[in-house]
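Student: Given next are the chains, with one letter for each unit.
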Amino acid sequence: MAEQKTVTFVIERQDGPDQKPYTQEFDVPYNPALNVVAALMEIQKNPVTRDGKRVAPVVWECNCLEKVCGACMMVINGKAQQACCALVAQLKQPVHLAPARTFPVIRDLLIDRTVMFESLKRIHGWINVDGSWKVHEAPRQNPYTAQTAYEISHCMTCGCCLEACPNVGPQSDFIGPAPVVQAYLFNINPMGKYDEPTRLNALMEKGGITSCGNSQNCVQACPKNIKLTTYLAQLNRDVNMQALKNIFNN
Amino acid sequence: MAKATAKNRIAVVGGGISGLMATLKICEAGGEVDLFSYCPPKRSHSLCAQGGMNACMDTKGEGDTTYIHFDDTVYGGDFLADQVAVKGMCEAAPGIVEMFDRMGVPFTRTAEGVLDLRNFGGQKKKRTVFAGSTTGQQLLYALDEQVRKWETKGQVHTYIFWEFIKIIKNKQGVCRGMVAQNMNSMEIKAFREDAVILATGGPGQIFGLCTASTICNGSAVGAVYAQGAHIGNPEFIQIHPTAIPGTDKNRLMSEACRGEGGRIWVYKNGQPWYFLEEKYPDYGNLVPRDIASREIFDVCVNQGLGVDGENKVYLDLSHIPADYLERKLGGILEMYSEFMGQDPRKVPMTIYPSVHYSMGGIWVDREHNTNIPGLMASGECDYQYHGANRLGANSLLSAAYSGTIVGPVAMKWATRCNKLREMEGWLARKSKGESLMAAQEKAIAQPSDSDLRLYEESLKEARSIHMVMQPKIESDGTEKPPVIDQNNLYALRMEMGDELTDEELEAARQECVNEFENILQMNGEENAHELHQELGRLMNKYVTIERVNKDLDFCFGEVKKILARWNNIGVTDRGHWANQEAMFVRQLRNMILYALVITKAARMRDESRGAHFKREFPNRDDEHFMKITVADYDPKTEEPVITYEDFDHSLIKPRARTYGSK
Chain A
1 MAEQKTVTFV IERQDGPDQK PYTQEFDVPY NPALNVVAAL MEIQKNPVTR DGKRVAPVVW
61 ECNCLEKVCG ACMMVINGKA QQACCALVAQ LKQPVHLAPA RTFPVIRDLL IDRTVMFESL
121 KRIHGWINVD GSWKVHEAPR QNPYTAQTAY EISHCMTCGC CLEACPNVGP QSDFIGPAPV
181 VQAYLFNINP MGKYDEPTRL NALMEKGGIT SCGNSQNCVQ ACPKNIKLTT YLAQLNRDVN
241 MQALKNIFNN
Chain B
1 MAKATAKNRI AVVGGGISGL MATLKICEAG GEVDLFSYCP PKRSHSLCAQ GGMNACMDTK
61 GEGDTTYIHF DDTVYGGDFL ADQVAVKGMC EAAPGIVEMF DRMGVPFTRT AEGVLDLRNF
121 GGQKKKRTVF AGSTTGQQLL YALDEQVRKW ETKGQVHTYI FWEFIKIIKN KQGVCRGMVA
181 QNMNSMEIKA FREDAVILAT GGPGQIFGLC TASTICNGSA VGAVYAQGAH IGNPEFIQIH
241 PTAIPGTDKN RLMSEACRGE GGRIWVYKNG QPWYFLEEKY PDYGNLVPRD IASREIFDVC
301 VNQGLGVDGE NKVYLDLSHI PADYLERKLG GILEMYSEFM GQDPRKVPMT IYPSVHYSMG
361 GIWVDREHNT NIPGLMASGE CDYQYHGANR LGANSLLSAA YSGTIVGPVA MKWATRCNKL
421 REMEGWLARK SKGESLMAAQ EKAIAQPSDS DLRLYEESLK EARSIHMVMQ PKIESDGTEK
481 PPVIDQNNLY ALRMEMGDEL TDEELEAARQ ECVNEFENIL QMNGEENAHE LHQELGRLMN
541 KYVTIERVNK DLDFCFGEVK KILARWNNIG VTDRGHWANQ EAMFVRQLRN MILYALVITK
601 AARMRDESRG AHFKREFPNR DDEHFMKITV ADYDPKTEEP VITYEDFDHS LIKPRARTYG
661 SK
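Protein chains in written order, with the working numbering: chain A, 1 to 250; chain B, 1 to 662.
The hints are simulated quantities; they were obtained by calculation from the structure and are not laboratory data.
Only a predicted model underlies this, so the values are computations on that prediction, with no experimental measurement involved.
Heads up, some of the hints might be wrong.
Computed cross-link-like contacts, DSS-like style, restricted to lysine-lysine with a CA-CA straight-line distance of at most 25 Å [claimed, not checked]: (1) A:Lys193 / B:Lys560; (2) A:Lys134 / B:Lys126; (3) A:Lys227 / B:Lys328; (4) A:Lys134 / B:Lys124; (5) A:Lys45 / B:Lys541; (6) A:Lys206 / B:Lys153; (7) A:Lys121 / B:Lys153; (8) A:Lys45 / B:Lys636; (9) B:Lys412 / A:Lys134; (10) B:Lys124 / B:Lys662; (11) B:Lys153 / A:Lys134.
Starting from the given sequences, assemble the full structure and let the hints guide the process.
Tutor: See the structure below:
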């Protein structure tokens, strides 16, 4: 078999939020280690389509290229994933790239994920410390619980799980698996526990955990292998308990 | 007259660990922050720090002390760091760890539930706290969460996806504002600020291939350098010994691999040769990064013993139990498998040194003030703490620590700005009130048309002016006239100078708009990204592990040519919406200016010290070069002017830095 020289990318582009999408095709020099971000960088250097038209380079977001920052999430051959670790050698060709349309598209593959960060405010996604100054010694923690916290704390707010979730979208106000599960992270912290009722009550509201349809797509989409459905189930129990407490305490 | 704002306003540029730490400190002191960032803070480059953060916790029964941490850091930095500053950092470290712990960072813990510690390069004691192999990510997230809390309280105003363009100085040369651009709408806006803190990270992208994120381009540093900010020790660029070479980036393989027992070797005469362990029996694989990188370079380039004849060596973890590896290093081993298609639990990894960190950066004093009043810098973009070589796991520490220093310093400065604003405002109103009253009296005595008009006007204002001129009535009924201490007023005027006028703000904005519009019109032959790649190749080839004067001269000339070629760039995207290409063109120019600084400073330092190595001058020359390099921009030549400055090294007497080599 002849060695592959180029790889074709079919890219869904869009000039602005209210513009019509269109596709363009690009040929990029192939190498076995090529990933999707590296390919997009090649297009930047020579933004010429397959039919020889010089165009504006494709716009997308990326930072770390190590699958920790979460920036370069896009839909590659129909699946939401990080572009930096999508190795072309493992992808069906031509490679189709599209923006994750669960989020508003800014331009080309660049999307607006502000809503995810706003949701973190809603679930009180922080430990309510008195201050950054010296207050007291930090509490000891069960090393096993800490390991669970470490797992959940890998969530890089990339949005794969929101893109994969059938309940996130215009038809529902579900804030999505990632922000919901973050509530669990803070609830299992010895000091974060104090605000557990606040978080659980926030999850009871519209768009909270009751909007989860248990499709289990999220856990398969998570690039960090966070056991999202396990923690969603746990939170579901916790929210129900809190609801009962609310009834009896009132 | 500029409108007086009621509250202090401080701009923090950069949402990494240092910027967020500074933001927290300012909010806690009651200030307000305009937080500018290229990306949501959660995506800042701090999250690429893997191995951990140094702090003398001494929970391993090894008798570790902050003094040993201090000594290791100074020795590791080859005696080029301000020792008083370093001492302060090492002493503060355990407290910073405790703070992060309280904020919920999921540190890896021992069976007893306390923080685990691991070994790291250049230190014989276990001193590195860590969260698996993603410590930076976890520390960054904790600060991001705390800052989000302050955002909900209205004290943090985020400008996410805004790019810093430049600072604005008043007539007296004091930084009183900045210009930034929205990366989507392309809107360019001038901001009036009491102080500007740059926490914009390192300049790795100047070298093209490096372990840094694509956003670590050093552009902001280049911009303020061209506006007169000095750069300190720019030639000290850390080459990390263990990275996975790539075509888009070199991915870091943490020093923690060696901290947890990883061994470096190559085949020599058919047998594994553990060259670091052999030459440095005391430290073994955990010699500091500059030494490990040079040895690997020597084995591959000079001795030709690299794996498969290529420039790479083995980093071997395969002798360590898989479950231990999973718990301590899981994240990065998964990354290696993902990108290289091999399981490092079973076969040795192949790695090679890569540009990783800049010890140099914007010159600051111990309080992180730059030489431009009102402009501060912290984190990797400053030059403090690491001297000629940074110890692994000291970067997260210096990022966080410098944030705790610069935040309160900026707040103090801003409070003084506010005080001056208050006094000037009152004096201005008082003098206006007095002239209106004089006009009233004149109008009553000798009514004329113009005086009558003035009289009517003054009636409108009289009441409010009158109020101002009366002593303030406090809520408890006591009278408290505003204190105008003439000495203090004079001192503050000398220090801060004038408030920026609306005209000055608009002029600064317009200048940036014109510059950007000019970029959109660029119609030359060069592609900005190609040019960047050329710059990176040059810098990587000539200004990294081994430096040669003749080559540095050549490199400097070539980079100057690239600077000239920048004018011949052609852009394909001329639009005013999310135009990444045009923004990159602007960044690239700053990067080229910074590259000239690094190259020139390397050329001038005729000695070998830490990460800076010249075979022509293989020894450290304390007599001539135990000095801070200071680079100042010369607008005429667009080149740096290099001078040297003494610094405080009074606490630990310089000694030969051998790491017990045989």
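Student: Determine for every hint whether it applies to the structure shown.
Tutor: Verification of the hints:
1. A:Lys193 / B:Lys560: violated, 58 Å
2. A:Lys134 / B:Lys126: Distance ~24 Å between lysine 134 of chain A and lysine 126 of chain B Cα, so the pair holds.
3. A:Lys227 / B:Lys328: Within the cut-off at roughly 20 Å; holds.
4. A:Lys134 / B:Lys124: Status violated; Cα separation ~28 Å.
5. A:Lys45 / B:Lys541: Given pair lysine 45 of chain A, lysine 541 of chain B holds - Cα atoms ~21 Å apart, limit 25 Å.
6. A:Lys206 / B:Lys153: With a Cα-Cα distance of about 23 Å, the restraint between lysine 206 of chain A and lysine 153 of chain B holds, given a limit of 25 Å.
7. A:Lys121 / B:Lys153: The given pair, whose Cα atoms are some 11 Å apart, holds under the 25 Å limit.
8. A:Lys45 / B:Lys636: Violated: lysine 45 of chain A and lysine 636 of chain B sit about 32 Å apart, past 25 Å.
9. B:Lys412 / A:Lys134: Holds, because 20 Å separates the two Cα atoms, which is no more than 25 Å.
10. B:Lys124 / B:Lys662: holds, 18 Å
11. B:Lys153 / A:Lys134: holds, 22 Å
Hint check: violations occur at hints 1, 4, 8; the rest are consistent with the structure.
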